[in-house]
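Novice: For reference, the chains in residue letters:
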Amino acid sequence: MNEGQTVRLRLDHLTKIFPQRGGKGNVVAVDDVTLDIYSGEFITLLGPSGCGKTTTLRLIAGFELPNQGQILLEGQDITHQPPNKRDMALVFQNYALFPHLTVYRNVAYGLETRGLPARTIRERVGEVLALVGLEGLEDRRPNQLSGGQQQRVALARCLVMQPRILLFDEPLSNLDAKLRVQMRSEIHALQRRLHITSIYVTHDQTEAMALSDRIVVMNGGRIEQVGSPPEIYRCPSTRFVADFIGRANFLPIELTARQGETAAFHLLGQSLRAPLPASGAENLVAMLRPEALMLRDDPDLPQVQIIQTMYLGSEVEYVVQHEDQRLIVVEHDPRNRRIFAEGERAGVTFVPEAVHLLGDGA
Amino acid sequence: MQNFALQRQVNQFRRIFQDPVLAIALLGVSLFVFILILLPLFSVIGESLSPKNAPLFQRYLTEPIYQNIILNTLVLGVLTAAVSTAVGFLFAFVQVKLDVPFKRLMHILALIPIISPPFAVATAIIVLFGRNGVITRGVFGVRFDIYGLFGLTLALSLSLFTVAYLTLRGMMQALDPALDEAATNLGAGKWRVFRTVTLPMLLPGIASAFLLVFVEAIADLGNPLVLGGNFEVLATRIYISIIGLYDTSSAAVFSLILLVPSLLVFILQNYIISRSNVVSVTGKPSGTPQYIHAPLVRWTLFGLCMAICLLIALIYGTIVLGAFVEVLGVNNNFTLRHFDFVLNGLGSKAMWDTTRLSIISTPVAGLLGMLIAFLVVRKEFFGRAALDFATMLGIAVPGTIIGIGFLLVFNTPTVWELPFFGPVTVLPKLTGGQAMFGGALAIVIVYVIRSVPTALRAGVAALTQIDPAIEEASVSLGADNARTFRRITLPLIRPALLASLIFAFARSMTTISAIVFLTTPQTRIMTQQILNEVENVRYGNAFAYCVILILIVLTAIGVLYLGVGSTTGAERAFQGGAR
Ligand SMILES: Nc1ncnc2c1ncn2[C@@H]1O[C@H](COP(=O)(O)OP(=O)(O)O)[C@@H](O)[C@H]1O
Ligand SMILES: [Mg+2]
Chain Y
1 MNEGQTVRLR
11 LDHLTKIFPQ
21 RGGKGNVVAV
31 DDVTLDIYSG
41 EFITLLGPSG
51 CGKTTTLRLI
61 AGFELPNQGQ
71 ILLEGQDITH
81 QPPNKRDMAL
91 VFQNYALFPH
101 LTVYRNVAYG
111 LETRGLPART
121 IRERVGEVLA
131 LVGLEGLEDR
141 RPNQLSGGQQ
151 QRVALARCLV
161 MQPRILLFDE
171 PLSNLDAKLR
181 VQMRSEIHAL
191 QRRLHITSIY
201 VTHDQTEAMA
211 LSDRIVVMNG
221 GRIEQVGSPP
231 EIYRCPSTRF
241 VADFIGRANF
251 LPIELTARQG
261 ETAAFHLLGQ
271 SLRAPLPASG
281 AENLVAMLRP
291 EALMLRDDPD
301 LPQVQIIQTM
311 YLGSEVEYVV
321 QHEDQRLIVV
331 EHDPRNRRIF
341 AEGERAGVTF
351 VPEAVHLLGD
361 GA
Chain E
363 MQNFALQRQV
373 NQFRRIFQDP
383 VLAIALLGVS
393 LFVFILILLP
403 LFSVIGESLS
413 PKNAPLFQRY
423 LTEPIYQNII
433 LNTLVLGVLT
443 AAVSTAVGFL
453 FAFVQVKLDV
463 PFKRLMHILA
473 LIPIISPPFA
483 VATAIIVLFG
493 RNGVITRGVF
503 GVRFDIYGLF
513 GLTLALSLSL
523 FTVAYLTLRG
533 MMQALDPALD
543 EAATNLGAGK
553 WRVFRTVTLP
563 MLLPGIASAF
573 LLVFVEAIAD
583 LGNPLVLGGN
593 FEVLATRIYI
603 SIIGLYDTSS
613 AAVFSLILLV
623 PSLLVFILQN
633 YIISRSNVVS
643 VTGKPSGTPQ
653 YIHAPLVRWT
663 LFGLCMAICL
673 LIALIYGTIV
683 LGAFVEVLGV
693 NNNFTLRHFD
703 FVLNGLGSKA
713 MWDTTRLSII
723 STPVAGLLGM
733 LIAFLVVRKE
743 FFGRAALDFA
753 TMLGIAVPGT
763 IIGIGFLLVF
773 NTPTVWELPF
783 FGPVTVLPKL
793 TGGQAMFGGA
803 LAIVIVYVIR
813 SVPTALRAGV
823 AALTQIDPAI
833 EEASVSLGAD
843 NARTFRRITL
853 PLIRPALLAS
863 LIFAFARSMT
873 TISAIVFLTT
883 PQTRIMTQQI
893 LNEVENVRYG
903 NAFAYCVILI
913 LIVLTAIGVL
923 YLGVGSTTGA
933 ERAFQGGAR
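These protein sequences, in sequence, are chains Y and E. First residue of the first sequence: 1, per our numbering; consecutive thereafter. First residue of the second sequence: 363, per our numbering; consecutive thereafter.
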């Protein structure tokens, strides 16, 4: 999707250092982050808590100033522009609604600040409230709304500004599981409809996969990998990414040859070829997603011992012992298959195309 | 990243100067603190430390008569602090931990001293318990000498226990009741819970209340002037040095001697508060507070509390009654003569002047306090802690010393000889004869200085309860700092603003020590007129002044409640129910 797209926002070697809270020394919250964000795309910053997602977002919004690097909005340097001058709107983690203003006044606030005529404001607020399904609640105050409704007000307040970039900081993390899934799909539908360039921060990989055009996986202030959800899932570039996005088994391989960009090797008794990782690492391991492994009643296959069996309806999840390693195996749609009991032995095999090689250390 | 710290500061200043309104606000606040608080203070210190005053120090610190004055001051401070803290604790404990009748009434009686003028209590005590006291002489037939340490401790404690009460009540309410519950569930008896859980948690609060009262007690001028008798303290010495002897040097030296314990104790108090996190255990206490039901404890404490309430009621009753009779206890005929004097006679100018100046200073102090709180809590800049501390000096430094500082700095205009421009008046003459606005400006400034610290603390407390993301949301939606402060911050801290305005007005109307050197024939101040009447034993006039003053303050409180509103709007909706 990168071809033919214009760059909306460019982060150029951004670094942000904080003095340690209540102590000596410094924390490098964002470490040399470089990233292009294209017009109209939905990009997610994903990573464990404390990896610098919020800080990156706040740098973009202008609430923090970087120690190094530049931020360019449509080619224009906005690194030091104050946040209120940036044509962006931020949906906060805990909504940060104005508790003393009604829903209507909350949503109208930004337009009033711009000094638009009252009629225009009324029209636009009305449209946006309809868009997020809040008609009829104009006169409520935030503390008279449910969590989901508050979330919608927070969203409407930003949407009404028609910002060039919409920023989200874990907006769904305060909702209960069911509402989270529902709001997720609403945000998805809205964004696809309005094509607002969106930068979304979350630590929830399902949320990231569901919403994003591209995912930026962060770790310790650095970018680990950027890619579309399938790219990230199928071809993680590091063990960290493989582990963080979904679940992964790492199996040792017997390398037989390296030819250009591919490697030939043995894995679980089969010989196969796969592309070498870009990093050019020495020691290689094979990453296999749990659903790429299969258990068969076949004594010719490498044998494993079933440690645990969990029947989940749409799938069965096994923990199995293979030599000195525990593996996770997921069998989808187990209706027509035999379900192995704990303590039984089974043969293990895999989908060859799903094998992805990684540097061992990375 | 060697220059990381430097870079951070550059960035902070870049942020502030990007927003001209913010930059101007910060600059203005800094100038306010520097010129109006620090400069007078440093002048007093500088004057007292000038070499020609070395012999004075020598004398005051070694001669027994002066050592006595210093000792008196400290003894009075410690006694008052001990009594006030005990009484404050009692009142707070009864409010929070006991289920007894008249709690609302006790609360209101405990708050009265805030709006009562100085001298009111002291004068009533003289009338009730003095040599010709209505009670001592009239009821018991003894000629009791109330002047001196005993009377002073009584009068000061009755005025200052409110400080301890409010501090301790806040802390007791903030204590998580779940904590008590947990301890009780573990099998600890109520008394043990109190001793092993509640009391240790309250210790910082008790210490802090004690120290706060101490600072106020050693700075007090009004009570020792009226009730001191032969018991001299530093504040009265300073007063006499200036008013009686026109001796700025010895006044400055006494000031420094008084300043040292004041500041040390103030810093110690701040340190204790900053170290204890009792108040912030939980924002919202969960569970229901556990009342103490043991009848002996309950009714003893209740009885004690009611006895003190009765005393307070007696004193304020005396003030009101005394204003309506010829000479209370001597000639009890009803008269409106005293009110006529205050409202229509010679006294009316003071009433109008004081009210007018307080009305001017109140909004300035309230808004300035909120603004400084906003800067201190929400903005990062070099010298943030210093700004907070320097602002607090406005109340930590005894009023008399601020008054002398103003005399030293503003009695002559400061003129700079600039190239090209010639002489330019940088600081005008604000005090003494031919002062700007007849000295009124200096008085307004002092009112503001004395009220801003309370407003600052109230503002800081309110702001730390508000998620900064709410203000950031406003900025993110395009509002600059000024609009965010006006439209979001200020409405959300409205209760703190209201409290600050009420307090500022009450304090301005009742302050004496800081303005006693600054009044001029053109600008009369009620508290000083009251002192005048008391010194001339025209208690009736003094009481009438007190009653009028209290009525003015009560009216102002009503007006402020209506005008400012006591809620943020967020609660109003909540009470409105809905859903
Ligand atoms: N204002 C701050 N002062 C000091 N350290 C901070 C500040 N903000 C964030 N940090 C630190 O920077 C790191 C990244 O934080 P953050 O961006 O909030 O992570 P995330 O949003 O990914 O959980 C953390 O170690 C955090 O403690
Ligand atoms: Mg975060």
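Because the hints were derived from the structure by calculation, they are not lab data. A few of these clues could be false.
With a straight-line cut-off of 25 Å between C-alpha atoms, the simulated DMTMM-like cross-links for lysine to aspartate or glutamate are [to be verified]:
hint, chain 1, residue 1, chain 2, residue 2
1, Y, Lys-85, Y, Asp-12
2, E, Lys-741, Y, Asp-176
3, Y, Lys-85, E, Asp-842
4, E, Lys-741, Y, Glu-64
5, Y, Lys-85, E, Asp-609
Novice: Would you mind confirming whether the straight-line C-alpha gap from Lys-85 of chain Y to Asp-842 of chain E stays at or under 25 Å?
Specialist: 9 Å, holds
Novice: Do the alpha carbons of Lys-85 of chain Y and Asp-609 of chain E lie within 25 Å of each other, as the hint requires?
Specialist: Answer violated: Lys-85 of chain Y to Asp-609 of chain E is near 58 Å, above 25 Å.
Novice: Is Lys-741 of chain E close enough to Asp-176 of chain Y, meaning Cα to Cα at most 25 Å?
Specialist: Status violated; Cα separation ~34 Å.
Novice: Are the Cα positions of Lys-741 of chain E and Glu-64 of chain Y separated by 25 Å at most?
Specialist: 12 Å, holds
Novice: Between Lys-85 of chain Y and Asp-12 of chain Y, is the straight-line Cα distance small enough, at 25 Å or below?
Specialist: 20 Å, holds
In summary, the numbered hints that this structure violates are 2, 5.
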